[in-house]
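Protein sequences appear in the order of chains R, H, G and Y.
The numbering of the first sequence is this note's numbering, which starts it at 1 and goes up by one.
The numbering of the second sequence is this note's numbering, which starts it at 275 and goes up by one.
The numbering of the third sequence is this note's numbering, which starts it at 549 and goes up by one.
The numbering of the fourth sequence is this note's numbering, which starts it at 823 and goes up by one.
Incorrect hints may appear among the rest.
[As the list claims (entries may be wrong)] Below 30 Å or equal to it, Euclidean Cα-Cα: the simulated DSSO-like pairs (lysine-lysine) are:
{"hint": "1", "chain 1": "H", "residue 1": "291", "chain 2": "G", "residue 2": "565"}
{"hint": "2", "chain 1": "Y", "residue 1": "988", "chain 2": "R", "residue 2": "166"}
{"hint": "3", "chain 1": "H", "residue 1": "440", "chain 2": "G", "residue 2": "565"}
{"hint": "4", "chain 1": "Y", "residue 1": "839", "chain 2": "R", "residue 2": "17"}
[As the list claims (entries may be wrong)] Under 10 Å between C-beta atoms, here's a sample of chain G residues computed to sit facing chain R:
{"hint": "5", "residue": "604"}
{"hint": "6", "residue": "668"}
{"hint": "7", "residue": "699"}
{"hint": "8", "residue": "703"}
{"hint": "9", "residue": "798"}
{"hint": "10", "residue": "809"}
Since the hints were derived computationally from the structure, they do not count as laboratory data.
Because the structure is a prediction, the values reported are computed rather than measured.
For each residue, glycine too, the CB sits at the ideal point set by N, CA and C.
Protein chains: 4
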Amino acid sequence: MPLLGDAYGKGSVRMSKVIRGRERHEIIDLTVDVHLEGDLAAAYTDGDNSLVLPTDTMKNTVYVIAAEHEFEGPEELAALLTDHFLSRNAHLDLARVTVEQRSWERLGDDPHTFLGSSGERRLGMAEQDREGTLVQSGIDGLSVLRTSGSAFAGFLRDEYTTLPDKEDRIMATTVMALWDYLERPSSFGDVWRDVRRALLDTFATHESKSVQHTLLAMGEAGLAACPEVGEIYLQLPNQHHLPVDLRPFGIANLDVVQQPVDEPFGVIEGTVGR
Amino acid sequence: MPLLGDAYGKGSVRMSKVIRGRERHEIIDLTVDVHLEGDLAAAYTDGDNSLVLPTDTMKNTVYVIAAEHEFEGPEELAALLTDHFLSRNAHLDLARVTVEQRSWERLGDDPHTFLGSSGERRLGMAEQDREGTLVQSGIDGLSVLRTSGSAFAGFLRDEYTTLPDKEDRIMATTVMALWDYLERPSSFGDVWRDVRRALLDTFATHESKSVQHTLLAMGEAGLAACPEVGEIYLQLPNQHHLPVDLRPFGIANLDVVQQPVDEPFGVIEGTVGR
Amino acid sequence: MPLLGDAYGKGSVRMSKVIRGRERHEIIDLTVDVHLEGDLAAAYTDGDNSLVLPTDTMKNTVYVIAAEHEFEGPEELAALLTDHFLSRNAHLDLARVTVEQRSWERLGDDPHTFLGSSGERRLGMAEQDREGTLVQSGIDGLSVLRTSGSAFAGFLRDEYTTLPDKEDRIMATTVMALWDYLERPSSFGDVWRDVRRALLDTFATHESKSVQHTLLAMGEAGLAACPEVGEIYLQLPNQHHLPVDLRPFGIANLDVVQQPVDEPFGVIEGTVGR
Amino acid sequence: MPLLGDAYGKGSVRMSKVIRGRERHEIIDLTVDVHLEGDLAAAYTDGDNSLVLPTDTMKNTVYVIAAEHEFEGPEELAALLTDHFLSRNAHLDLARVTVEQRSWERLGDDPHTFLGSSGERRLGMAEQDREGTLVQSGIDGLSVLRTSGSAFAGFLRDEYTTLPDKEDRIMATTVMALWDYLERPSSFGDVWRDVRRALLDTFATHESKSVQHTLLAMGEAGLAACPEVGEIYLQLPNQHHLPVDLRPFGIANLDVVQQPVDEPFGVIEGTVGR
């Protein structure tokens, strides 16, 4: 029976690197995933491992490359790694490296101390084949909420629809964004901060008729902020806040307290281009 | 700026259904995801929701369809749901429903009591467009471990390789399998049990030269067991058990105790066809 | 300002040990927590570490003791470890070691292959001071559900009570049990299996008027099954299955489908003695 | 067989409340746990539920009390709730309510938009019996890291000790703090911010000879900042960053890259009083 597809790699290689400047330190905290494709079938069919670079070696390589090189952000480390694997292994066709950066915020002006409570992540991805390299950047875990200016009304109704129109509701989501580049920016970090700012500002101020409606506006704002960016994919879960019905207890106002629920959740997706 | 792609749906609709037979009960415990694509752009571009069936309605629909119909397994419920959405909504192009079934094992012969401690899940998926419907089945969270008969040696070495050859190691993984069908089987449940049994038996007895080597054998065994199945995709994380070096404490045998680690982990993938 | 209390230890030391019999293997998969108390104040007050055994040494000690000794279950390993720490460190007053054993079920008759998908855990704990040692055993993560024979009615009502009486409901919980001993049993494992069986049988067959009602019956059954056991503490979360109201859709039966929810949940506790 | 102890309650009641000021909104996002003790034995022994207030009613009560009252922080809501349950239920001896507040940070000057990515939580607890009420406040999930000024050397060594002395290491922890009060403060929120600030400043600047050493200094600083506070309990997991040994690859510096690990971890505890 034929092997129709194959791939392998290493997941969740965690690494922190301290940049020890004379006056102050920086901390870079990364989780790296490596994925390789190529002429790997003999391992499956014959137990012939002669072209199988161990995933343990991938882990070591992440540490060595990260130690030996300066890199501005996760995108650069990802590209250093895909280039390393492809340039040294003629039997490989494709290498994809995904790097997730945990943010550590400097504590005031302290030169050596950082707050790391945020669940937000910066993403950098490089996918390289024998034709070239695709670089993507992204954001994950960016949790936002609006208490006003968000409606959902006039939607399609069928006999299973019970949701009432809402002219003003809580809108809460955890932004996942991923974008590619028309050209290499002078600083991936600057683009990241500019896209993030545009997404947040639009989420805050857009007169929203639905999550879909705001998603497009956010994507457009991200593109407008950064001419180097080509397309932006956004995934916005709709994290529902259910009004608690307190009328049995003599409280008429439906919007006084709400119950946030994790399950189920809406999922709204879209890709915005130029 | 153009909207290049869009989709939406509902995630993690949880449901349990009790089938109350005269002598004994059955419990079906499901988590359903709904994903729809179609003529949805006006919601993004104009805030026009007139073609947006609320995700809350998708949730209600899952409950109604599950209550009104008998279905043999997650695949049948998934197909009932995709058919419901596509047949009633001319503006939709595609519906994909994924159903994850949690297993509850009957406690002895008790007619009404079940053990649910297992993390294993049965998967059923239907993806329907205007051409037809693709049905897939799968397994997730099936955790297995072998203490013998698994080697990894003779692999590619470079200057970052420190892993020694091992002729006999612990092999541990959590199986994720997904397969499609050449024809509709008389019972999705029978296929599921047969594929599962073939995967487990092969994992247990294959003389393994690598996870890749065993993956192909497992896929072949699954196909051999079920003529209705077309292709099997397998994802086998390599959940490492690191030998603890006790030589500093006068214990020479490297294999007495091992440290299981969650991170990092290998990832081995492959698709086997006929 | 005075230091009013102090303690330290190591959490989540993970270890697997393979017992290689001639014909077949056993696998023991444990997570160990070590907690020490004693004359440790100088570390806090003066930065004097001369009586601080590093937590890294605790980890090494877990591995060495586990490698050098045979032990029947988590209780015996826990007691070996507390004895090790107290007998060698005159400055310590108390050592508590908690061992959580993950169950791996043998795959059929295979001598080397195991299924580990269950979330159930066996617990063993030893707490030793200069007077003696307390040993406890337990169960965690044992998920069970009944579809009949469970009522909750006639409860206290106030103006915020909306819950209707139910004569027949789904009762689902994840059992956490912890017990001590009047005397050392000949086999901790036999006691564990007997208590577990008694808890399950009672959960299945008790005519339940509430989770509280069944909790006491379960505890009594556990004590009746094992004369060596002194007291049993049980914690039974009430994992609610909310009936989905399908009357708006023309389905009158409230009990056809239910929505399992993780949050909020009831918590019922009790200790049963002789 | 006697019932030696009993209690029950409701866990994880989630609630958000929007305070709609004329110019801007506030969002309060809470998770509430209720625990009750008292004359509850008849439910266990006889299935007599006449004194069992349903946990569903506890949930409703949380919503009603939160809707009807203004409260400055989680402590005040907790005390309103314990008072409610004890004053209306003569059969209860004790009520304990724990409230966990998720922080939502205002996005710039926007009146209605908030960032909620932080995993940090503010805690408030009230435990009331027929003698009075104990109020505690706390912090959980406050993740901090220092890249300099932290040593661990001169510790106790035995034959299982392999850890080398370190004069300068990464110190990372996730602060859990809990404190009580000598007198009711004019603002729980002000105390919370002052204790938090004192803990962080001390973590950043203390010349640390161990986590224990810094724990005491942090507790002392918290007490010094807030005269109303009585005692502070601190739990500081030592979240290890293992130096990656790159010497096999020609990189001598052990501190270039580190591997953060979740398991195992040290646990350092202490209570500081006046």
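Structure-based check of all given hints:
1. 291/H / 565/G: violated, 41 Å
2. 988/Y / 166/R: violated, 60 Å
3. 440/H / 565/G: Distance ~18 Å between residue 440/H and residue 565/G Cα, so the pair holds.
4. 839/Y / 17/R: violated, 41 Å
5. 604: violated, 19 Å
6. 668: violated, 24 Å
7. 699: violated, 23 Å
8. 703: For residue 703/G, the interface hint is violated, since the closest Cβ of chain R sits about 17 Å away, which is over 10 Å.
9. 798: Check passed: Cβ of residue 798/G comes within 9 Å of chain R, closer than 10 Å.
10. 809: Since the shortest Cβ distance to chain R is 8 Å, the answer is holds.
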